[in-house]
Amino acid sequence: MTEIKFEQLRQSIEIIGNGFIGKSSACLRWAPKWDVSLQNLYETYKESLKQKYTRSPNELLDRHKVAAAVIRSICITNPLIATVPGVIPPRFATVNYRLGYHTGIHIIRRYAEQDAIENKDEIFQRMHTDPFISPTPINNDGSYEDQTVKGLHEAARAQTLDPFLIANMLYLLDMYHRIAWTHNNQAK
Amino acid sequence: MDKLLTNTLSLALSSIGTDPDGWDKPMTPDEIEEFMKFNNSDRSIETVNLGPSDDRNQV
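Those sequence lines, one after another, are chains A and B.
The first sequence maps to residues 1 to 188 in this note's numbering.
The second sequence maps to residues 1 to 59 in this note's numbering.
Note that these hints are calculated values from the structure, not bench results.
Any given hint could be a false lead.
[Claimed, not checked] In silico DSBU-like cross-links for lysine-lysine, where the CA-CA straight-line distance does not exceed 35 Å:
(1) K5/A / K150/A
(2) K37/B / K23/A
(3) K25/B / K50/A
(4) K33/A / K3/B
[To be verified] Listed next, with one range per pair, are the computed distances between beta-carbon atoms:
(5) N58/A / E34/B: 47 to 55 Å
(6) R29/A / P29/B: 31 to 39 Å
(7) G17/B / I179/A: 26 to 34 Å
(8) T6/B / Q51/A: 32 to 40 Å
[Claimed, not checked] From chain A, some residues computed to sit far from chain B (all C-beta separations above 10 Å):
(9) E7
(10) K50
(11) Y53
(12) N58
(13) L60
(14) L61
(15) I105
(16) H106
(17) D115
(18) H128
(19) S143
(20) T160
(21) L161
(22) Y171
From a predicted model like this one, the values you see are computed outputs, not experimental measurements.
Idealized CB from N, CA, C, for every residue including glycine.
All chains, full assembly: derive it from the sequences and hints.
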């Protein structure tokens with residue numbers, strides 16, 4: 001596994017965030033120096049996780065914990081802000097949780113794609129670059145993504161954004177996509 | 001932009017504007033706080049049929 005540097009993460013976050021801004025009818029913008037704030041928190045937090053939970057200085061954090069550290073850092077630093085406070089859709093008032101959710105999934109898939117390229121495994125490369133398959137909710141309270149955004153919102157308010165729980169969610173999403181993708185592609 | 005990032009962006013933006021009565025309806029901060037609460041009265045998750053061996057798990 002090759003570590004993804006912050007600059008690569010920043011570029012991906014910026015592209016996803018610019019997509020949200022472009023669709024927001026001018027009610028969103030980047031916070032001043034959002035990338036500096038995000039990098040400071042992310043690098044510090046990732047290093048503390050690494051010191052506590054890896055067995056040697058050269059051991060890398062696994063991809064799901066790296067992505068969890070990014071999600072937590074985005075949810076705390078709030079890179080996107082409303083241009084004018086007041087009446088806006090909840091989608092944009094809570095956009096940083098959605099930005100974190102998609103960035104987190106993107107990171108675990110980027111690591112998997114890199115592994116596939118290094119191993120010259122074209123099927124795995126396709127699996128991890130094809131459209132992501134999200135779980136289907138089995139109640140009537142919105143999509144899986146919407147419910148996760150609500151969960152991150154509640155966790156952030158309660159200051160309980162636990163990286164291990166977020167990493168576990170990402171692991172299960174990763175497994176869901178792999179199984180669903182394999183099922184879909186075997187059926188063809 | 002490569003294939004993975006293109007697909008990530010597409011998924012991230014796909015639902016914007018599709019929910020005019022919910023996520024895409026302009027609201028005051030108080031209304032948003034109310035909207036963000038989970039709908040705990042929906043019990044459909046507890047009666048979903050998971051397959052042939054499922055007993056419909058009535059809770």
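Do the hints match the structure? See the list:
1. K5/A / K150/A: The hint holds at about 29 Å.
2. K37/B / K23/A: holds, 25 Å
3. K25/B / K50/A: Measuring from Cα to Cα gives roughly 42 Å; hence the hint is violated.
4. K33/A / K3/B: holds, 28 Å
5. N58/A / E34/B: 47 to 55 Å: holds, 49 Å
6. R29/A / P29/B: 31 to 39 Å: This hint is violated: roughly 18 Å between Cβ atoms.
7. G17/B / I179/A: 26 to 34 Å: holds, 31 Å
8. T6/B / Q51/A: 32 to 40 Å: holds, 36 Å
9. E7: Holds: least Cβ distance 14 Å, greater than 10 Å.
10. K50: Consistent with the label, K50/A stays out of reach of chain B, its closest Cβ about 25 Å off (over 10 Å).
11. Y53: holds, 27 Å
12. N58: holds, 27 Å
13. L60: holds, 20 Å
14. L61: holds, 21 Å
15. I105: violated, 7 Å
16. H106: violated, 4 Å
17. D115: At roughly 13 Å from the nearest Cβ of chain B, D115/A sits farther out than 10 Å, so the non-interface label holds.
18. H128: violated, 7 Å
19. S143: Since the minimum Cβ distance to chain B is about 7 Å, S143/A lies within 10 Å and the statement is violated.
20. T160: holds, 15 Å
21. L161: Nearest chain B Cβ is 16 Å from L161/A, so the label holds.
22. Y171: Y171/A clear of chain B: closest Cβ-Cβ about 18 Å, beyond 10 Å.
In the structure shown, a violation is registered for the earlier hints numbered 3, 6, 15, 16, 18, 19, in ascending order.
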